[in-house]
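One letter stands for each residue in the lines below.
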Amino acid sequence: MKKFLIVIKAEITKQQQHDYHSAYVYFSLLIWPILGFFEVYYAYKPFELTDYMGIEDGKTLLAFLGTGFMAYTCFWSMVQNAWSMANQERRGGTLEIAFLTPASRLAMSYGRALGALIQEVWMFVCFCGFLLMYTKTIRWDNLFLLPAVLLLLIISSTVWGGMLNAVFLFSRDASIVMDVFDMPMTLFSGTRVPVDNFPCWARIVSMVFPLTYCINIIRFALNIQKSSRGWRAEILGLLICLGVMTAVTVFLIGRAERHNRETGELQFY
Amino acid sequence: MYGAVKGRPEDQNARKIIAQHLVKDYILKEKIKEKSGLFGRKQKKVIHAVKDISLEIPQKKIIGVLGINGAGKTTTIRMLASVIAPTSGSLTMNGVDAVKNHLWIKERINVISGGERNLYWRLTAKENLRYFGSLYGLSGDDLDKRITYLLRTVGLEEAANVPVERYSKGMKQRLQIARGLINDPIYLFMDEPTLGLDIVIAKEIRNLVSDLAHKEGRGILLTTHYISEAEELCDYIYILDKGRIIAEGTKEQLKGLLAYEPKVITSVQEPSLEEALIEIINRCNS
Numbered sequence: 001m002k003k004f005l006i007v008i009k010a011e012i013t014k015q016q017q018h019d020y021h022s023a024y025v026y027f028s029l030l031i032w033p034i035l036g037f038f039e040v041y042y043a044y045k046p047f048e049l050t051d052y053m054g055i056e057d058g059k060t061l062l063a064f065l066g067t068g069f070m071a072y073t074c075f076w077s078m079v080q081n082a083w084s085m086a087n088q089e090r091r092g093g094t095l096e097i098a099f100l101t102p103a104s105r106l107a108m109s110y111g112r113a114l115g116a117l118i119q120e121v122w123m124f125v126c127f128c129g130f131l132l133m134y135t136k137t138i139r140w141d142n143l144f145l146l147p148a149v150l151l152l153l154i155i156s157s158t159v160w161g162g163m164l165n166a167v168f169l170f171s172r173d174a175s176i177v178m179d180v181f182d183m184p185m186t187l188f189s190g191t192r193v194p195v196d197n198f199p200c201w202a203r204i205v206s207m208v209f210p211l212t213y214c215i216n217i218i219r220f221a222l223n224i225q226k227s228s229r230g231w232r233a234e235i236l237g238l239l240i241c242l243g244v245m246t247a248v249t250v251f252l253i254g255r256a257e258r259h260n261r262e263t264g265e266l267q268f269y
Numbered sequence: 001m002y003g004a005v006k007g008r009p010e011d012q013n014a015r016k017i018i019a020q021h022l023v024k025d026y027i028l029k030e031k032i033k034e035k036s037g038l039f040g041r042k043q044k045k046v047i048h049a050v051k052d053i054s055l056e057i058p059q060k061k062i063i064g065v066l067g068i069n070g071a072g073k074t075t076t077i078r079m080l081a082s083v084i085a086p087t088s089g090s091l092t093m094n095g096v097d098a099v100k101n102h103l104w105i106k107e108r109i110n111v112i113s114g115g116e117r118n119l120y121w122r123l124t125a126k127e128n129l130r131y132f133g134s135l136y137g138l139s140g141d142d143l144d145k146r147i148t149y150l151l152r153t154v155g156l157e158e159a160a161n162v163p164v165e166r167y168s169k170g171m172k173q174r175l176q177i178a179r180g181l182i183n184d185p186i187y188l189f190m191d192e193p194t195l196g197l198d199i200v201i202a203k204e205i206r207n208l209v210s211d212l213a214h215k216e217g218r219g220i221l222l223t224t225h226y227i228s229e230a231e232e233l234c235d236y237i238y239i240l241d242k243g244r245i246i247a248e249g250t251k252e253q254l255k256g257l258l259a260y261e262p263k264v265i266t267s268v269q270e271p272s273l274e275e276a277l278i279e280i281i282n283r284c285n286s
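Chains as they are written, first to last, in our numbering: chain A, 1 to 269; chain B, 1 to 286.
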């Protein structure tokens, strides 16, 4: 366990030293999610929303979109980071050196995810936190919910990112994975539109993404917009998703390692 | 020895890596051009990278593996370093089955390649070593002391906090050696460690390699295309060609194989190692 944690800490430190060595990086990490957020907010604002699926007015809309984008940014940054890190490490030869060591591959995957998560989203999460305070969604009497919400996001995103790091071991160019996770995740996870608004087939698709459950749990906890499934079903769904993702990560890493020992290469395609 | 990792086992018995009848086949998918169709049909082709190799790497010795490109040197190193599993054959390290216990083996060996890859260029030397040391479970003061010792050993103490992207080729290679020693390995596999370096730096690195084996007691497997390097460093040499060992021995024994044959006598009484190797490989191919 000690070695596992040492590897996670090393990956987080390495990420920070390698990718986030300049103030300009942090500036760009704040700008793109804010632009995306305001683009959607001002797209909806002209419509007079009164008690539409729990969204009563402009402030509720802000809170609804703020929570959606906060969670989405955490998950999407994992996709981007997994793809770019895998490419960089493969080209630089450091991936094969890392696989020469006896370090836990699972710790490496989760450490990379956690390192990227903290660095890439903390500014936007702060922005969303202020937004939720401005809309009085977060008040003094429910301030204790904020760390719980953040912990939920950190754990879910890290497990998601660990799985993606394992997926990107398998290919020199897995840009198709980026395409698969980009628009479907944005559309079906409830980031911009309540999931309950979807037809049946779309709700089934939304159940595949752990982001859906995260967003619904956060909105339920902050009393923004309640899911028709109820909070118990959402938590159960998230736990099942996390369990499946962890199992998939372990399987993929083992498969990549076996493939590497047979062929000398990590990638399948 | 100052800077040794805590808890290093003494390994009293069978202090060597023993590889017996190692074979490695790769399966490649080749496109069939004549009947390609829309997406192309592929057929499987087996490449026999290593056909039958048996060798030993004792501690305190430098073993050379020489051969032309494509002879199977890199595949052999990768099998010995437990990066890839052999298709057949046995491999033990100090009596332990290396194929079944590859994680145990990885704690006790390391690989150093020539070239400028395998380092994080945006990180400093210290940061690189701290990261790679952590992958071996090292941390805290032990790791810091080890890093200081290694950087002093390879002569990078003053450049410890400079990003690697500003290093010269020689400095990067020295850092590679430091990285290869971070886990205090019993055996080292060096794949062309002086590739592309000038004669001064190359000489320094050869001296370092010699000390690692003869003074510090490590077993080293070295591949190189520089015959003078093999002549200077290697206690025993294996010559590979087309996946097999075609000759082995000390440099004197290899020279002695052809010393009295009229064909290879030049201006000196006995052939150089380079002449002997070329002749051996040519004879094998003919």
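Read the hints as simulated data drawn from the structure, not as lab findings. Note that beta-carbon positions come from the ideal geometry of N, C-alpha and C, so glycine has one too. Hints are not guaranteed to be accurate.
In silico DSSO-like links for lysine-lysine, alpha-carbon gap of 30 Å or less [stated by the list, open to error]: (1) A:K9 - B:K145; (2) A:K3 - B:K16; (3) B:K215 - A:K9; (4) A:K3 - B:K145; (5) B:K203 - B:K44; (6) B:K60 - B:K169; (7) A:K2 - B:K145; (8) B:K100 - A:K2; (9) B:K203 - B:K61; (10) A:K2 - B:K126; (11) B:K145 - B:K51; (12) A:K3 - B:K44; (13) A:K3 - B:K172; (14) B:K242 - A:K3; (15) B:K16 - B:K215; (16) B:K29 - A:K9; (17) B:K16 - B:K145.
Derived DEER-like restraints, expressed as beta-carbon distance ranges [claimed, not checked]: (18) B:I68 - A:E257: 52 to 62 Å; (19) A:A148 - B:K45: 52 to 62 Å; (20) B:R166 - A:K9: 23 to 33 Å; (21) B:L208 - A:A148: 50 to 60 Å; (22) B:G115 - A:L239: 39 to 49 Å; (23) B:E165 - A:A247: 33 to 43 Å; (24) A:A221 - B:E30: 54 to 64 Å.
So, partial list: chain B residues that the calculated Cβ filter (under 10 Å) puts toward chain A [stated by the list, open to error]: (25) R15; (26) S82; (27) V83; (28) V111; (29) C284.
- Query: Holds or violated: B:K60 with B:K169, Cα cutoff 30 Å?
  - Reply: holds, 28 Å
- Task: Assess, step by step, whether the Cα of B:K203 is no farther than 30 Å from the Cα of B:K61, and give holds or violated.
- Result: Cα-Cα ~18 Å, so holds.
- Is the hinted range of 50 to 60 Å satisfied by the C-beta distance from B:L208 to A:A148? This hint holds: roughly 55 Å between Cβ atoms.
- Item | B:K16 paired with B:K215 [C-alpha distance capped at 30 Å] | Cα-Cα ~17 Å, so holds.
- Sort out whether B:K145 lies within 30 Å of B:K16, counting only the CA atoms. holds, 29 Å
- Range hint 39 to 49 Å: satisfied by the CB atoms of B:G115 and A:L239? holds, 47 Å
- Message: Given the hint of 23 to 33 Å, is the C-beta distance from B:R166 to A:K9 inside that range or not?
- Response: With a Cβ separation near 27 Å, B:R166 and A:K9 satisfy 23 to 33 Å, so the hint holds.
- Task: Hold the hint about B:V111 up to the distance rule: shortest CB distance to chain A must be less than 10 Å.
- Result: Nearest chain A Cβ about 6 Å off; hint holds.
- Message: Hinted pair, alpha-carbon criterion (30 Å max): B:K203, B:K44. Please report holds or violated.
- Response: violated, 45 Å
- Task: Given the hint that A:K3 pairs with B:K16, test it: the Cα-Cα distance must not exceed 30 Å.
- Result: Between A:K3 and B:K16 the Cα gap is close to 28 Å, so the pair holds against 30 Å.
- Item | Agreement of hint B:S82 with chain A interface, Cβ distance less than 10 Å | holds, 8 Å
- Task: Answer holds if the nearest beta-carbon of chain A is closer than 10 Å to that of B:R15; otherwise answer violated.
- Result: violated, 21 Å
In this structure, the hints that do not hold are numbers 3, 5, 11, 12, 14, 16, 18, 25 and 29, in rising order.
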